[in-house]
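S.K.: Chain by chain, the residues:
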Amino acid sequence: NAGVMQNPRHLVRRRGQEARLRCSPMKGHSHVYWYRQLPEEGLKFMVYLQKENIIDESGMPKERFSAEFPKEGPSILRIQQVVRGDSAAYFCASSPPAGQGNEQFFGPGTRLTVL
Amino acid sequence: DQQVKQNSPSLSVQEGRISILNCDYTNSMFDYFLWYKKYPAEGPTFLISISSIKDKNEDGRFTVFLNKSAKHLSLHIVPSQPGDSAVYFCAASGNSGGSNYKLTFGKGTLLTVNP
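So the protein lines, in turn, are chains A and B. Quick note on the working numbering: the first sequence kicks off at 1 and runs consecutively. Quick note on the working numbering: the second sequence kicks off at 1001 and runs consecutively.
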């Protein structure tokens, strides 16, 4: 009964490189959410996806950030041309199909450090 | 614009006593509230939730109280145990614009339970 899985757990990138963060939801969950936590802050919503669909990306920065949840495989959060301000913990959460509760279950996070 | 506020950054209690963590919100469209517990370098773990149609929900040592008129909720832990030491996040979601999936988090309260 594996929970939400994220990899890598730690990622170091130099400014200008690309970062790819992966998330596999809990078994039976079809909804995936990405949140970002800056130091000393709470988690901030970024994007909500279902298989092959972006439902709400209102929390995503307009440039350099993209997310996908393909029919097969994990959800990917992609950050192009990273800058120091992208350093944060990125958490993925998943939930059952709509109508089965509002609880979201979180993965362990990916800690991105941009040098 | 902090829609969910946890005004106490930290709280220290003695083992066996009650811990009370508080949370205030400003958005009257929020109708579902959750508490998450987070250890360092891990993802948030769901603890307990409450719908706006209730004013209390209890699960073992954890009880959440909701006062809608005051837009205030609290988490009671009794008796507190050293293993409860963690950061506690209050989160809310609502049906504003159909976005009942989007969790808005407070900044968290660090609870320390002393043996």
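Keep in mind the hints are simulated off the structure, nothing from the lab. For glycine and all other residues, C-beta sits at the position ideal for the given N, C-alpha and C. Be aware that a few hints might be false.
Okay, derived cross-link-like pairs now, EDC-like style, lysine to aspartate or glutamate, Cα gap no bigger than 16 Å in a straight line [claimed, not checked]:
1) Lys1054/B to Asp1031/B
2) Lys1107/B to Asp56/A
3) Lys1005/B to Glu40/A
4) Lys44/A to Asp86/A
5) Lys44/A to Asp1001/B
6) Lys1102/B to Glu57/A
7) Lys1056/B to Glu1042/B
8) Lys1038/B to Glu41/A
9) Lys62/A to Asp86/A
10) Lys27/A to Glu103/A
11) Lys1102/B to Asp56/A
12) Lys1005/B to Glu41/A
13) Lys1102/B to Glu103/A
14) Lys1068/B to Asp1055/B
15) Lys1038/B to Glu40/A
16) Lys1107/B to Glu41/A
17) Lys1102/B to Asp1031/B
Across the chosen pairs, the derived CB separations fall in these ranges [claimed, not checked]:
18) Val12/A to Arg1017/B: 39 to 45 Å
19) Ile55/A to Asn1027/B: 35 to 41 Å
20) Ser1069/B to Gln50/A: 45 to 51 Å
S.K.: Are there hints from earlier that the structure breaks, and if so, what are their numbers?
M.R.: Violated hints (numbers, rising): 2, 7, 19, 20; every other hint is consistent with the structure.
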